[in-house]
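Student: So the sequence lines, in the order shown, correspond to chains X and H. Residues 1 to 295, numbered by the numbering used here, are exactly what the first sequence covers, in order. Residues 296 to 699, numbered by the numbering used here, are exactly what the second sequence covers, in order.
Don't read these hints as lab results, they were simulated from the structure. Check before you lean on any hint, since a few could be wrong.
[To be verified] Subject to a maximum C-alpha distance of 27 Å in a straight line, what follows is the list of computed DSSO-like cross-link-like pairs (lysine-lysine):
no., chain 1, residue 1, chain 2, residue 2
1, H, LYS684, X, LYS61
2, H, LYS654, H, LYS376
3, X, LYS4, H, LYS684
Just so we're clear, the structure is a prediction, and the values are computed from it rather than from any experiment.
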Amino acid sequence: MAMKILNALVTGLAQGSMIALVALGYTMVYGILKLINFAHSEVFMMGAFIGFFAITALGGKEAPFLAGVGGTLAAMAFAGLLGMLVERIAYAPLRTRGKGKANTRITPLVTALGMSVLLQNLAQLLFTAQYRGYPQLLPIEDTRKVIFISAFSVMVALQLLVHRTWMGKAMRALSVNIEAARLMGIRTSRVISITFITGSVLAALGAVLYCLDQSQVYPTMGVVIGTRAFVAAVIGGIGNIPGAMLGGLLIGIIGEMTKLTAYSGLQDVLVFTALIAVLLVKPTGLLGKASIEKV
Amino acid sequence: MLGRRGWVMTIVALGASALGLAACSTQKDTPQKDAAGKDPSVPAVVEPWKVGAYLSLSGAETQFGAETKEGIELAVDAVNKKGGVKGRPVKVFYEDDKSNPQETNNKVLQLITRDKVVALLGEVASSRSTIGGIVANKHKVPMITSSATAPEVTQIGPFVFRVCFTDDTQGQMGAEFVVKTMGKKRIGILYASDDVYSSGLAAQFRDAAKKLGGEVVVEKSFIKTETNFTTYINEIRDAKPELVYAPIYYNAMVPIARQAKAAGMPGSTFVGGDGWDAETLLQDAGEEMEGAYFTNHYAPDVPWPNAQLFLKAYKERFKRDPSSLSSLGYDSAQLLFDAMGRAKGDTPEAIRDAIAETKSFAGATGTISIDPNRNADKSIVIVQIKNKKFTYFATVNDKAAAKP
């Protein structure tokens with residue numbers, strides 16, 4: 001029994017760190033813009049598609065190392081670009097034009113939903129609804145190690161970026177007050193773009209690892225992991241980077257633990273019950289502090 | 296950098312190109328429908344038989360609809376080459392229900408009231424067959440669904456028939472194969488709890504296996520969007536079942552097979568249902584699934600003469616192996632034409648009676664008799680995955696009479 005729990009815990013940690021990679025994108029954008037970027041899950045999906053095409057083009061199983069690394073980098077670059085485009089095309093105009101009007105919180109939110117639907121349908125049009133499997137570049141046990149290590153190092157790097165660099169300082173300034181940050185000479189639109197790029201790049205990394213390990217690629221795949229990642233961000237305290245990691249790990253572990261019981265079909269019920277329970281006790285999420293530093 | 300106007304123009308351009316793409320895809324569908332609808336071989340003097348077919352030719356389940364249509368087309372060509380039914384050629388009106396329930400209702404109504412068809416073929420999915428079946432039954436037009444396996448579909452009323460087996464029979468036959476043919480008593484079950492097909496099959500299998508003397512040592516259910524199966528597989532492996540029944544769609548089976556192999560469970564420990572029947576499974580997990588069995592309607596190398604005739608005709612025309620859906624579409628049309636030939640009159644009611652009386656019809660998917668509940672009484676094929684190919688293994692059915 002103890003062995004079983006330990007095994008599930010290890011699987012849960014790997015699963016959770018992948019969810020956390022996606023959750024970071026939600027939480028960073030929310031921290032700065034107070035916007036829930038629903039299109040994030042679609043950037044994740046697009047990243048998975050580009051990763052698939054790049055890995056196949058680079059030789060797949062014949063050259064696992066080159067294809068793996070090259071494919072991941074291609075997916076990350078593309079997703080970063082896509083994330084920035086989504087922000088520039090859909091959100092930025094609303095922000096500048098809607099300034100001072102009453103519905104500034106709702107319009108970007110609905111636009112984000114619209115972007116999500118648009119990207120999903122675009123993928124269906126371009127790539128069809130067919131399920132495609134990644135070639136197996138690594139044995140599954142090794143993929144999981146790679147997931148855990150890369151997720152962990154990314155989180156450390158992100159923490160350093162936010163707390164040790166000028167860009168990070170600018171991000172934190174924006175999260176406190178965009179207008180004040182602009183007055184201090186921060187180029188806000190550039191900082192926002194970089195935030196979107198960072199989040200999207202991490203999502204693409206998560207997407208490629210996710211598909212190498214367990215999933216197939218298809219246009220609605222973003223919804224599955226996107227919902228969980230969003231819940232993870234909220235449980236951890238949306239806007240808070242270590243919170244997203246904690247939330248992701250928690251959800252991964254809860255998920256794996258339910259699978260050991262007879263109620264495995266109720267996994268999502270338990271995940272959302274955990275969310276409600278956390279929010280009832282601590283409305284700002286586990287690590288969220290009301291109106292203190294949010295990035 | 297683009298200015299604000301520049302961005303507006305970009306969005307407009309993007310939107311326009313998206314619209315253009317959408318327009319292209321709809322345009323592509325229309326000529327197809329026309330080409331299929333108008334049969335050039337129809338002589339002008341003889342009034343052709345009007346048969347309606349409603350299928351998912353676009354939308355989420357395009358592939359299923361398109362494959363079924365190929366089968367129907369083959370059957371129509373075959374019957375018209377032989378001079379039609381009772382000397383009159385057959386003309387099929389194809390309608391695309393866009394994989395959408397609302398659209399299904401409209402299209403079936405159109406076929407019945409506008410085109411005045413004498414019989415209907417379709418749909419692929421149980422959900423849309425139910426909708427079409429209700430309309431057809433109300434207007435007293437016989438309908439044959441090729442691949443709707445949910446038991447409820449034919450319970451709609453006396454005008455709804457099917458040429459495939461039901462989920463109930465499939466689950467029971469799966470149990471019969473595992474317990475009787477393979478002689479395995481310690482069985483595991485893995486299924487998707489929020490999927491009617493998967494959980495239905497699992498329930499039928501469980502009951503039947505217990506009755507036959509098998510013991511279900513472990514049972515795990517997951518939600519159908521699940522992708523990480525390691526914990527489930529570890530649980531199942533530790534219970535040491537001899538075989539695991541996994542009535543799951545092929546898209547979930549790919550990650551299961553890969554992760555099971557990593558956990559030390561070979562593909563040959565799995566037995567599945569007709570949801571596995573897809574090329575994708577062979578492409579993405581062919582090696583991992585080596586030796587696995589599943590219950591199906593059909594196998595490319597099944598040793599029945601009619602199946603081989605169909606296979607040859609299909610390969611000649613479409614240059615690849617047919618799927619189960621194509622062969623079922625072919626059989627649904629063939630069975631209908633056979634009944635039309637036997638019917639005492641040309642009315643939908645007379646055709647309905649003839650379909651209901653069908654006994655030992657020799658189709659591509661086996662010998663089909665229509666039972667009093669309007670379901671197909673036919674054999675089930677066991678397919679084995681061998682060298683990344685679906686190969687015929689055996690035929691199971693408790694009714695010896697239906698064997699080919």
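Student: Against each hint, give a clear statement of whether it holds in the structure.
Tutor: Going through the hints against the structure:
no.: 1; hint: H:LYS684 <-> X:LYS61; verdict: 21 Å, holds
no.: 2; hint: H:LYS654 <-> H:LYS376; verdict: 24 Å, holds
no.: 3; hint: X:LYS4 <-> H:LYS684; verdict: 36 Å, violated
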